[in-house]
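Trainee: Read top to bottom, the protein sequences are chains A and B.
Residue numbers for the first sequence follow this note's numbering, so the first one is 231 and each next one is one higher.
Residue numbers for the second sequence follow this note's numbering, so the first one is 2 and each next one is one higher.
Since the hints were derived computationally from the structure, they do not count as laboratory data.
Misleading hints may appear alongside valid ones.
Said to hold, decoys possible - Calculated Cβ distances over 10 Å to all of chain A for the following chain B residues:
1) T197
2) E198
3) E280
4) G351
5) T375
6) L378
What the hints assert, rightly or not - Heads up, simulated DSBU-like pairs for lysine-lysine below, C-alpha to C-alpha not over 30 Å straight-line:
7) B:K125 - B:K83
8) A:K552 - B:K338
9) B:K338 - A:K550
Yeah, the Cβ is synthetic: ideal placement off N, Cα and C, and Gly gets one too.
The residues making up each chain are set out below.
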Amino acid sequence: MSTLTEEFTPRGRTHEPDFQAVVQEKGNVSDGVVTLLLAHAAGDDLPQWQPGSHVDMVLEDGLVRQYSLCGDPADRSVYRVGVLRERAGRGGSDFVHDRLQVGDRVHLRGPRNHFVLQPSASYLFVAGGIGITPILPMVAEAQRNGADWKLLYGGRSRDSMAFLDRLAEYGDRVDVRPEDEHGLLDLDAFLAGHSAGDLVYCCGPEPLLRAMEWACSDLPRETLQVERFAPKDAIHADDDTGFEVYLQASDLTVAVGPDQSILERVEDAGIPVLSSCQEGTCGTCETDVVEGDLAHRDSVLTEADRASGETMMICVSRCKGKRLVLDL
Amino acid sequence: MTATTDHVPSVAEFDFDPFSHEFLSDPYPFHEQIREGGPVVRLRQYDIWATARHEQVFAALTDPETYCSGAGVGLTDFRKEKPWRPPSLLLEADPPNHTQVRDVMSTVLSSRAIRALRETFTAKADELVDQLVARGRFDAVRDLADVFPLRVFPDAIGLPEEGRENLMPYGNMAFNGFGPRNDLFDAAMADAARVTEWIMFCCRRENLAPGGLGRDVWAAVDRGEITDQQAPLLVRSLLSAGVDTTVYGLGNALVALASHPDEWSKVREKPALAKLAFEEAIRFESPVQTFFRTTARDVDLGGVRLGEGEKILLFLGAANRDPHKWEDPARFDVTRKAAGHVGFGFGIHGCVGQQMARLEGDVVLTALAKRARTLELTAEPSLKLNNTLRGFSSAPVEVG
Numbered sequence: 231m232s233t234l235t236e237e238f239t240p241r242g243r244t245h246e247p248d249f250q251a252v253v254q255e256k257g258n259v260s261d262g263v264v265t266l267l268l269a270h271a272a273g274d275d276l277p278q279w280q281p282g283s284h285v286d287m288v289l290e291d292g293l294v295r296q297y298s299l300c301g302d303p304a305d306r307s308v309y310r311v312g313v314l315r316e317r318a319g320r321g322g323s324d325f326v327h328d329r330l331q332v333g334d335r336v337h338l339r340g341p342r343n344h345f346v347l348q349p350s351a352s353y354l355f356v357a358g359g360i361g362i363t364p365i366l367p368m369v370a371e372a373q374r375n376g377a378d379w380k381l382l383y384g385g386r387s388r389d390s391m392a393f394l395d396r397l398a399e400y401g402d403r404v405d406v407r408p409e410d411e412h413g414l415l416d417l418d419a420f421l422a423g424h425s426a427g428d429l430v431y432c433c434g435p436e437p438l439l440r441a442m443e444w445a446c447s448d449l450p451r452e453t454l455q456v457e458r459f460a461p462k463d464a465i466h467a468d469d470d471t472g473f474e475v476y477l478q479a480s481d482l483t484v485a486v487g488p489d490q491s492i493l494e495r496v497e498d499a500g501i502p503v504l505s506s507c508q509e510g511t512c513g514t515c516e517t518d519v520v521e522g523d524l525a526h527r528d529s530v531l532t533e534a535d536r537a538s539g540e541t542m543m544i545c546v547s548r549c550k551g552k553r554l555v556l557d558l
Numbered sequence: 002m003t004a005t006t007d008h009v010p011s012v013a014e015f016d017f018d019p020f021s022h023e024f025l026s027d028p029y030p031f032h033e034q035i036r037e038g039g040p041v042v043r044l045r046q047y048d049i050w051a052t053a054r055h056e057q058v059f060a061a062l063t064d065p066e067t068y069c070s071g072a073g074v075g076l077t078d079f080r081k082e083k084p085w086r087p088p089s090l091l092l093e094a095d096p097p098n099h100t101q102v103r104d105v106m107s108t109v110l111s112s113r114a115i116r117a118l119r120e121t122f123t124a125k126a127d128e129l130v131d132q133l134v135a136r137g138r139f140d141a142v143r144d145l146a147d148v149f150p151l152r153v154f155p156d157a158i159g160l161p162e163e164g165r166e167n168l169m170p171y172g173n174m175a176f177n178g179f180g181p182r183n184d185l186f187d188a189a190m191a192d193a194a195r196v197t198e199w200i201m202f203c204c205r206r207e208n209l210a211p212g213g214l215g216r217d218v219w220a221a222v223d224r225g226e227i228t229d230q231q232a233p234l235l236v237r238s239l240l241s242a243g244v245d246t247t248v249y250g251l252g253n254a255l256v257a258l259a260s261h262p263d264e265w266s267k268v269r270e271k272p273a274l275a276k277l278a279f280e281e282a283i284r285f286e287s288p289v290q291t292f293f294r295t296t297a298r299d300v301d302l303g304g305v306r307l308g309e310g311e312k313i314l315l316f317l318g319a320a321n322r323d324p325h326k327w328e329d330p331a332r333f334d335v336t337r338k339a340a341g342h343v344g345f346g347f348g349i350h351g352c353v354g355q356q357m358a359r360l361e362g363d364v365v366l367t368a369l370a371k372r373a374r375t376l377e378l379t380a381e382p383s384l385k386l387n388n389t390l391r392g393f394s395s396a397p398v399e400v401g
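Make a model of the complete structure from these sequences and hints.
Mentor: Pasting the structure below:
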């Protein structure tokens with residue numbers, strides 16, 4: 231049975247689906263990448279989605295990971311996701327690679343989309359590594375709509391790059407440039423082909439995104455759209471107040487969306503924490519901070535306490551940057 | 002239960018005495034009657050209002066302007082009757098007087114200050130629990146709950162070594178003092194003069210050890226935040242409220258865990274649950290069962306009209322088991338999210354020492370969780386009766 235959970239978006243609350251899915255298929259598509267085909271456990275049609283969407287997958291350990299949907303939106307019977315094994319990962323990708331089996335259930339929430347493919351006559355797509363996953367349905371959509379488009383796809387080596395076979399059908403619209411053959415992607419050369427009105431979509435590791443932001447800095451503001459995957463898990467920055475929290479004592483990472491509190495996300499992950507007032511006045515939830523740029527929103531800590539950055543009230547306070555490490 | 006009163010039609014009224022031995026020995030059935038009676042009821046024995054529902058208790062605690070503390074938080078109305086001791090500047094005060102002293106005490110008992118105690122408290126807990134577990138059989142109250150707080154708290158305050166046996170009796174007096182002048186109160190007050198003398202001796206700056214929390218109160222005098230007339234009474238607050246509460250709280254947590262082997266297993270498997278177990282015990286068997294407030298104006302509470310200057314008895318322990326608020330409230334569940342319980346009160350008068358209490362609970366239960374695979378009662382626990390506090394005088398256990 232599905233229940234709805236609420237997701238805060240900048241446009242206001244929308245209800246999003248929350249349901250059990252079952253792993254229908256699992257396969258290696260490249261060195262280090264498995265894809266999963268997920269069907270609705272109750273046999274219902276899966277919720278509709280658009281290119282750029284992702285789902286929360288709540289794995290056995292309670293940790294929530296986010297994965298882009300990389301299949302065909304028209305097919306309501308399965309979702310396809312691609313999961314890269316993170317060598318220095320915190321267990322999520324290892325779990326999917328090594329332990330998750332066909333027939334296993336996973337808890338899904340969403341899909342939601344913060345990487346919407348806007349209508350355009352012409353696109354430039356840049357994908358790095360597992361960042362190909364949201365881009366794949368985008369190029370399919372662009373193709374269906376008769377748009378003009380090109381994809382620059384980079385990765386460690388040809389063997390590591392997923393979905394090359396699916397991209398082959400697009401011929402020379404797709405430029406595959408593994409690093410071991412071509413070195414780093416030449417973004418300037420690729421963007422030199424940009425014409426006014428072209429939209430640019432990019433997904434991949436942080437260094438690629440930063441390089442793209444730099445390369446596009448003299449283009450009109452809304453031209454470049456990026457989706458950030460965190461180095462270890464697929465965490466999407468909902469807007470610039472979403473962040474990830476690494477719980478050091480538990481060796482888990484949780485994502486905190488812009489309208490979620492660290493407290494609730496930590497509780498979701500099954501970490502025992504105390505709280506009381508839920509409004510930053512009682513001090514019960516005070517937590518030791520290992521690392522991170524804090525945005526204090528409580529009424530308990532003194533200026534000196536705040537400046538020390540040693541603790542925070544996790545029911546209300548947040549991270550100014552992208553990553554926080556807590557002693558939980 | 003009658004249907005009409007002089008005050009408002011159809012407010013339930015009860016004749017039982019909420020401070021009788023019968024009530025105090027087993028309050029829960031009475032709580033249920035009161036809760037079922039309505040959001041607010043009348044207790045004729047003392048001619049007071051009362052509420053046992055979470056919603057109304059919480060509403061009163063979070064509206065200190067309407068439900069004030071300056072007229073006393075016990076049965077005695079300080080505007081009409083002399084209190085048994087000079088009123089607490091902290092507990093029995095209202096803003097703006099309350100605000101300044103509360104700020105000082107919050108600083109003295111800040112998270113930072115409490116965290117600095119963790120290492121010592123942990124070492125003491127480990128030491129004591131080691132000894133008890135080695136024995137295999139001991140009394141969870143007499144050998145642990147009664148003992149541990151007295152091994153850590155007086156030193157943390159910086160109290161003199163001699164005379165510490167007066168601490169529990171003083172707390173006993175204070176908490177019985179919130180009730181009527183009944184047999185429990187009289188028994189508590191038997192040695193009042195001697196006990197009080199020691200307590201007031203301890204409140205003086207020169208008798209408090211440097212580096213302790215008592216001296217931190219006096220440091221606020223040096224900073225000009227409070228006067229040297231106020232400081233002794235604030236140290237007194239620490240001594241009144243800092244011992245009995247934690248002794249009862251620890252005892253209640255140990256009894257709850259020993260009575261629920263499945264819950265003990267969870268804590269043993271995952272000692273990080275110790276602090277949740279303690280919190281749940283505060284909800285499940287609240288050491289501080291009641292406090293009063295006095296209305297500062299006419300007010301509607303739960304649809305019942307209270308007049309100005311009237312006492313209302315807030316059943317914290319009952320609110321903590323209110324089925325409107327809690328799922329299966331009589332179930333002791335260490336993984337329950339107990340946030341919202343009123344065992345430490347709430348709001349501006351919420352227990353200023355709660356982080357200290359939690360620290361004590363955490364280190365003791367963690368120490369036990371790491372050493373005792375099983376924890377079981379070997380006999381029925383015996384109750385201790387107090388007008389305000391709920392807890393045990395004895396709880397023989399066996400650990401394996």
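Trainee: Does each hint hold? Answer for all of them.
Mentor: Evaluation of the provided hints:
Distance check for T197 (chain B) against chain A: the nearest CB is about 32 Å away, which clears 10 Å, and the non-interface claim stands. Once the 10 Å rule is applied to beta carbons, E198 (chain B) is consistent with being away from chain A; the minimum gap is 35 Å. For E280 (chain B), the non-interface assignment is contradicted: its Cβ lies about 6 Å from the closest Cβ of chain A, within the 10 Å cut-off. A Cβ of chain A approaches the Cβ of G351 (chain B) within 10 Å, the least distance being about 6 Å, so the stated non-interface status is violated.
With 10 Å as the threshold on Cβ separation, the claim that T375 (chain B) sits away from chain A holds: the shortest Cβ distance comes to roughly 21 Å. Every CB of chain A is more than 10 Å from the CB of L378 (chain B) (nearest about 25 Å), matching its label as outside the interface. This hinted pair does not check out: K125 (chain B) and K83 (chain B) have alpha carbons roughly 41 Å apart, beyond 30 Å. For the hint linking K552 (chain A) to K338 (chain B), the alpha-carbon distance of about 28 Å falls within 30 Å, and the restraint holds.
Restraint check for K338 (chain B) and K550 (chain A): satisfied, since their Cα atoms lie roughly 28 Å apart, inside the 30 Å limit.
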